[in-house]
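**Student:** Taken in sequence, the protein lines are chains A and B.
The numbers in the first sequence follow full-length UniProt numbering, run straight up by one, and end at 345.
The numbers in the second sequence follow full-length UniProt numbering, run straight up by one, and end at 345.
These aren't lab readings, by the way, just hints derived from the structure by calculation.
Careful: at least some of the hints might be erroneous.
Because identical chains share one entry, a pair is satisfied inside a single copy or across any pair of copies.
Unchecked claim - Calculated pairs, DSSO-like style, for lysine-lysine (alpha carbon to alpha carbon, straight line, at most 27 Å):
(1) K232 <-> K322
(2) K315 <-> K108
(3) K178 <-> K329
(4) K140 <-> K7
Number of protein chains: 2
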Amino acid sequence: MKKTSLKDIAQKAGVSTALVSYVLNGKEKETRVGEVIAKKVREIAKELNYQPNHLAKSLRSGKTHTIGLIIADISNPFFANIARVVEDEAKRNGYTVIIGSCDENADKSWDLLNVLINRQVDGFIIVSCEGSENQIQYLKERNLPFVLLDRHFPDIQTDFVATNNYKASYDAGIHLIKSGYERIGLIAYKSEMYHMVERIRGYKYALSDNNIEFESNWLKEVMFENMEQDVKTAIDELLASEHKVEALIFATYGLAINGLKYINELRLKVPSDLAIVSFGQAEVFDLYYCPITYLRQPLELLGKTSVEYLLKKLKNPDEGMKQILMEAKLIARDSSMAKSVWLAE
Amino acid sequence: MKKTSLKDIAQKAGVSTALVSYVLNGKEKETRVGEVIAKKVREIAKELNYQPNHLAKSLRSGKTHTIGLIIADISNPFFANIARVVEDEAKRNGYTVIIGSCDENADKSWDLLNVLINRQVDGFIIVSCEGSENQIQYLKERNLPFVLLDRHFPDIQTDFVATNNYKASYDAGIHLIKSGYERIGLIAYKSEMYHMVERIRGYKYALSDNNIEFESNWLKEVMFENMEQDVKTAIDELLASEHKVEALIFATYGLAINGLKYINELRLKVPSDLAIVSFGQAEVFDLYYCPITYLRQPLELLGKTSVEYLLKKLKNPDEGMKQILMEAKLIARDSSMAKSVWLAE
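My request is simple: use the sequences and hints to build the entire structure.
**Tutor:** Following this line, the structure appears as structure tokens:
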């Protein structure tokens, strides 16, 4: 079946192609097409299942009502869920979202960005990956509208919607200290990304504000690409040293999953062998035998606000720059139970 | 910063715009442009960071080296992980993937399909949602290349790559029966989708092949939109009846998550209060206090094969139709432990 053209409709209606075009583009009044003819044309278009060529239309109008969402890692449930929020919010505003996942790889991110620019999305929402600063600069220089989500670069002035990671990590440390733990480890990624740097900084400040001297072998920075093995090694080291930790913070969901698997393998008991607090959020934390204390990021609000900021920018390119850091909330559960409680059991 | 145009390059090189276009489209030989001039043009284009307009180019060539992936639900880790596999495999073949998630909603799926058609993707890989048969017909009628992934419609002849759901569900039933359970329930979605129908059929045949009479109140079909509450009600009913079940199969990951949360709430012990087998796969199944027996679908192979079939089709539109049903593998763990074992404990 051939795609219906304006000509097909014109022939069937017995009018000119130009007239059909006027009607289907809502210009019948300006061009004085009679109401009866206009109605007939619309009916025939419907009957022949005419699909306007949005691409050609977009090239003229410069608006596609499409948002490109680039996320760092689709298989991380935090990002998968935030993608769902962005889609819902965009849909409510008449926009469709196309997603690209760059797998924490700056080259892939470049490819995606170019594909989506060439597909004429109106703007971007981006969860940046490491080494993609030049891409953000590129968008800025070309005045392509975008909002950074969840991760941002402190040295580049952009709109962003993110979590206060310093505060979240600080809260995690304070919570563990108040629960009676002193020797507290942190497993993070080896990364220059600001959100990771901030998570490490918050942890260190929680210790020093409570006169606990940070020991450098409590902090383990592992490679994303070699996470499974690196997390095992990190936990072995954290538990083997003479200053072995009694509590552990995981800086991401992926680290926590790999860590918990290994903790099970070692048959360690949470929290009495090792108390745990994690970033990220996922069903695993609820269903683990000892529910995991975690930092609940305002996922819904982060996603919705990023769409809101972008749409404002699309409507008014001169809209001022918007930056917001939202607070995570520590959800305390059994994995970081007060030491006094399980000591008494 | 304005985007560099052919005109900008032409001015700087002191040649005509047409000549620049010849060179950048690799036609300098046919059009007898001298090598020195051609080199100069290419250097200036590089210096000015010229980005060819792929969109206009694609409209001419009809090839964008982009695949549209439409998945039923991005927040389901099975689909998020399969998206990752499709991306990797496409990337290896020089294709970029843009993803749309339709949230099990046929209207959203239509929107996405149109957006992606208008964005000129070369072809589609689609995890269909209920009620989207007309969309598949539409693609067929227009000869737009596509492959269905994970779900297909038995009444529409298409390429597809899916799991043998009848067999998988049959295996789950047989496994539980062999482990000593007789009263076995199934929680599924109320759906006309073939994969769901097949999962129900396999379960029933496993019972009847073992002379267990299927009782209609062992099968609960819940609404996707009201999953959380419906699963609770279903479990209450399955456990309250005088013929209460001793084992339960969850037909999807989402059903299992909701079910396990409620089972925890009720403080039921798996497997002695209720043995469990589930479809889907996720870290939760590994980390649950009693590791969950599940049907491992060949996720990697499903994703890779769908890309392979689509690319073959893109290269040769006359390539014959390809349909494959792959086998899931039952991974037996403690949640469906033989009754004799825990009775003896």
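**Student:** Determine for every hint whether it applies to the structure shown.
**Tutor:** Outcome of the hint check:
1. K232 <-> K322: neither (41 Å within a copy, 43 Å between copies)
2. K315 <-> K108: The answer is between: 24 Å across copies meets 27 Å, while 30 Å in one copy does not.
3. K178 <-> K329: Within one copy, since 16 Å is at most 27 Å while 47 Å is not.
4. K140 <-> K7: For K140 and K7, the Cα distance is within 27 Å only across copies (23 Å; inside one copy 42 Å).
The structure does not agree with numbered hint 1 stated previously, though it agrees with all others.
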